[in-house]
Structure formats: structure tokens, C-alpha cells
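J.: Spelled out, the chains give:
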Amino acid sequence: EAGVAQSPRYKIIEKRQSVAFWCNPISGHATLYWYQQILGQGPKLLIQFQNNGVVDDSQLPKDRFSAERLKGVDSTLKIQPAKLEDSAVYLCASRKPAGGVEQFFGPGTRLTVL
Amino acid sequence: GQQLNQSPQSMFIQEGEDVSMNCTSSSIFNTWLWYKQDPGEGPVLLIALYKAGELTSNGRLTAQFGITRKDSFLNISASIPSDVGIYFCAGAVYGQNFVFGPGTRLSVLP
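Chains as they are written, first to last, in the working numbering: chain A, 30 to 143; chain B, 287 to 396.
For the record, the hints were derived by calculation from the structure and aren't laboratory data.
In this text the structure is predicted, and so the values were computed from the model without any measurement.
Accuracy of the hints is not assured; some may be wrong.
[What the hints assert, rightly or not] Using C-beta positions, here's what the derived DEER-type ranges look like:
{"hint": "1", "chain 1": "A", "residue 1": "Ile41", "chain 2": "B", "residue 2": "Gly302", "range": "40 to 46 angstroms"}
{"hint": "2", "chain 1": "B", "residue 1": "Pro325", "chain 2": "A", "residue 2": "Ser56", "range": "26 to 32 angstroms"}
{"hint": "3", "chain 1": "A", "residue 1": "Ala31", "chain 2": "B", "residue 2": "Ile366", "range": "25 to 31 angstroms"}
No residue lacks a Cβ here, since even glycine has one placed at the ideal position from N, Cα and C.
Given these sequences and hints, build the entire structure.
T.: What follows is the structure in C-alpha cells.
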């Protein structure tokens, strides 16, 4: 089966600009996660969706970050406006319904904010 | 919030050597996971641990859930070049999402 797809793979923007990342999870995976991975650190959860509903967004900086999963399939993460400290890899992961603990990660989008 | 520490931060070993790394927390976890991340890729699950004291193997990899439930260990036997990467532990309490450690970067010298 196809894995988690993310685009773009790389993005370079200037601070105060906006950026959006897209994720298409594995077919049938109801749970979708967005993580931020700063260089040299482990992934940090930003938001978790169950179908099209938000389950956990406690670590999402809501003043500048937003995410949606309107039809319960693919998802978009947006940053507006970007800051230098947002430079990171943004990983999307999905998990089967009642599928245990395994999350399947996409390759990520590497964001550089200048 | 909960934080995990991983040791060592990085390690260089010769091909064929065994590797040991660990993950510690100030909090108790109910589930421990070990992931590997290759450059330019997302993490891939290696081993999942669900019970204190549990020892689980996946090929040359063996992981253990610490008795105190505040730590976990990963061993790799007879390392090969494709073992190069970053190894992350992740822990979770029932009903909560996983917290990831900062990773151990492994380099294997031929």
C-alpha cells in the first residue's frame, strides 16, 4: 500500500510570509498527526485529528499555526506569519483505526525561514 | 510537561560491534516505542513495549521496558552499515499521545 504522502518536500520562505503543507495519509487511516521536528530534536506533536475532528491541539501555537482535515482524509497545516524559529521538518503521520500504537510517518517537509 | 532523555547523544562504532542506548524519563510510562529515522525520511517503528520488564526482539534489535517504568533500552547486535541513523524512543501514558526523546545518532564505521 502507498505510504503517507507529503508536499512540498522543501520550502524556503522569508519571515512574516505564509506557508502551507499538505499531507495525504494511508488510505483508511482515521487518525492523522502533524509533528514539528527541529534539527537535533525528536518530533513534537502539534495536532492530532480523528477523522475530521481535532483530538489534541494543546501544543499548536494557535496564534500563527492552523490545520484542517475537512473531509477526514488529507490535511493541510498552515503557518501565518512565519518566524525564524519555525524552521524545522514538519512530519505527518497516520494510524489505523484500532490499529495499535504504530504511526506511519511521511517523509516530511523541510521548512527554512530566512 | 513530560520529557525524555536519551543517552548517548551520538556514537561511532565499528561494523560488527554491538550497540546499547537508553532512554530515561522522570515520569512513568505505560508504553515505550523505539523508532529509527534515516536522513530525509520519517521515523519508522522498530519495536513496541507494553509491560514493565518486557524484552522484545526484532532481528538484531532487542529492546527492554525498564522495571521502574521510567526507562527503556535498545541493543543492536553485530552492527552493519545500514544501521546508521537516528534512534528515537517515545513513551506514552494510557490515553495520552507519545512524547519523543531527542534521539541517539549512530554512525557505523566500515
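J.: Please go over all the hints and tell whether each is borne out by the structure.
T.: Each hint, compared with the structure:
no. : hint                                    : result
1   : A:Ile41 to B:Gly302: 40 to 46 angstroms : holds (41 angstroms)
2   : B:Pro325 to A:Ser56: 26 to 32 angstroms : holds (27 angstroms)
3   : A:Ala31 to B:Ile366: 25 to 31 angstroms : holds (28 angstroms)
Checked against the numbered hints listed earlier, the structure breaks none of them; every hint is satisfied.
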